[in-house]
Amino acid sequence: MKTLSPPERAAAPQPRPTPAPGRAGRRPWSPSKAAVNGALVLFTLYTLLPLGWLLTAAAKNTPDLLGGNTLTPADFHLGQNLHDLAAADAGIYFHWYLNSLLYAGLGALGCAFVCVCAGYAFEVYGFRGKEKLFGLVLLGVLVPTTALALPMYLLASKVGLVNTFWAVFVPSLVNPFGVYLARVFCAGYVPGEVLEAARVDGAGELRTFWSIGLRMVMPGFVTVFLFQFTAIWNNFFLPLVMLSDSKLFPVSLGLYSWNTQTRSEPSYYPLVVTGSLLAIVPLVVAFIALQRHWKAGLTAGSIK
Amino acid sequence: MTRSRSAAPPRGDNAASRAATVRRRGRSGAPALLIAPFLLLFTAVMLVPIGYAVYLSLFTEQRSGLGFGDARTVFTGFGNYARALGDSAYRTGFLTIVQYCVLYIPVMLGLSLLAALLLDSVLARAKRFFQLALFLPHAVPGIIAALVWTYLYTPGISPVIGALNSAGSHLDLLGHPLPAVVNMAVWEWTGYNMVIFYAALQAIPREVLEASVVDGAGPLRTALSIKVPLIRASITMVGMFTVIGSLQLFTEPMIMYRTAPAVVSSWTPNMFAYTAAFDRDDYGLAAASSVMLALVAAALSFIVTRLTRGRTERRAEAAA
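Chains as they are written, first to last, in numbering that gives the first Met the number 0: chain A, 0 to 303; chain B, 0 to 319.
Take the hints with a grain of salt, since some may be wrong.
So the derived list for chain A, only partly shown, Cβ under 8 angstroms to chain B, looks like this [to be verified]: (1) K32; (2) L81; (3) E130; (4) V142; (5) L147; (6) V173.
Note that these hints are calculated values from the structure, not bench results.
Built from N, CA and C at the ideal position, the CB exists for glycine as well.
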């Protein structure tokens with residue numbers, strides 16, 4: 000683990016009032032404010048336009064969608080599409096939605112708690128083989144998760160868990176990177192003196208963790224929760240491998256299964272599009288509301 | 000400027016916490032209890048499956064002469080590995096990934112670095128908005144990103160293709176799945192990595208940048224000769240995760256499968272493993288191809304860390 004350490008330039012020569020001699024004649028080329036902001040606007044158009052298309056496409060009916068017609072107020076079918084979405088296949092879409100909320104909500108909550116417990120222990124206590132164990136956890140970050148899905152499926156089928164809620168839920172409780180993040184956050188947010196004071200006051204170790212450590216590292220908890228929620232909500236491979244009962248599908252897998260049917264049943268197109276739009280709403284809201292936390296998580300990751 | 004990092008853990012105070020660590024040595028009950036849940040789960044969903052995959056990859060099912068009757072599980076050693084490597088579909092899958100990496104990694108890293116440098120420039124306005132807008136694709140599940148882009152590639156549905164057609168150009172992205180998939184991945188990951196680079200750029204001490212301005216370096220020169228080398232560690236880390244992610248390419252081509260004729264069921268190694276397991280019920284072959292994929296990922300991340308560590312050490316020596 001390397002800290003991003005800038006070279007020892009703090010003691011660099013005192014700022015000189017004028018640029019170095021010999022260069023004074025030609026001013027260095029500098030992009031204009033318009034060019035910088037214009038380029039950023041181009042980037043933004045690239046990232047937002049597909050979402051804009053999704054927004055308008057969700058309000059089109061099948062012929063307008065497949066004909067590529069532009070959206071006019073007269074052909075605004077968002078309400079109808081939502082109604083169809085709720086009615087399609089006996090209302091299974093919102094069943095999927097609820098499943099996703101359960102998998103991602105409970106899974107991320109459990110994962111954040113497990114990670115913060117472990118990260119706290121790694122940061123606060125000393126025990127034999129600690130750094131070796133931590134190294135093993137970090138290696139877990141590098142394992143390609145899709146390479147694990149297949150053996151996990153075979154193991155789950157041995158113990159009879161395939162095609163159950165648990166087959167998708169239990170693997171989503173584990174995130175080695177979350178332990179790393181939790182440790183970094185504990186190092187920053189939980190001062191040793193406070194824990195020491197609690198101990199002197201007679202609080203047990205677990206009591207100290209529960210009522211002091213966990214409270215102080217709450218921003219880290221939210222950060223791990225947010226990233227894990229996203230990861231579970233977006234996961235596709237694991238549910239695809241594990242689940243065959245469509246009642247257990249999360250939204251991602253459900254939309255995939257509908258999309259494969261659009262070939263024979265074009266009326267599924269608006270359902271897939273409108274369903275996709277609804278499926279990104281919770282994450283977009285979460286990312287707008289919790290900006291502080293995802294930036295903090297990525298910052299901690301970048302200083303690794 | 001520091002506001003955007005307000006939730007980042009403050010550094011320092013390590014001496015105090017280290018002192019507490021030392022004093023807490025010996026009370027093993029609490030730490031064991033706190034780490035146990037994670038370690039149990041980690042073992043169950045990572046270590047055991049890895050071991051099981053290796054075990055499975057060494058066996059194969061054999062059926063009696065006519066293919067009826069019970070299958071016997073027979074040890075084949077590296078037989079499955081030889082079968083996977085001997086299968087041209089598997090090798091072609093790796094070739095696809097190599098082409099994908101060659102196209103995707105420089106484009107994505109270059110764009111996210113460029114965006115981060117632009118955002119870090121003093122000239123940029125509305126930094127919070129741009130950061131959020133560029134990051135937003137990360138909130139879109141990969142499967143939905145792939146669906147939306149596939150629609151945007153489909154003639155008739157897509158306004159982009161329609162506009163290009165009426166302008167006289169005939170862009171057929173469904174016939175060229177590689178750039179089509181690369182574009183999806185660039186869209187999903189540029190903003191995410193831009194935020195990482197931007198955070199690292201913000202951590203560069205302002206004195207360093209002031210010194211370079213005083214020395215007469217323009218913004219471009221400062222960006223290329225000062226800023227980029229100083230965030231090398233972040234670039235390496237992002238590069239490594241990008242390589243590991245690229246090797247696992249699955250979701251996007253899965254969506255394009257059957258829509259784009261060139262995307263076959265074994266287009267990437269992961270699709271090969273999936274097909275082997277679920278269409279052919281050949282678990283030994285699927286396990287062997289997954290294990291090899293994981294080994295390639297491990298080898299690549301090892302090489303990347305070694306290369307950059309070597310370079311850092313050499314720089315340290317040169318500086319001494």
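Unmet hints by their number, sorted upward, for this structure: 2, 3
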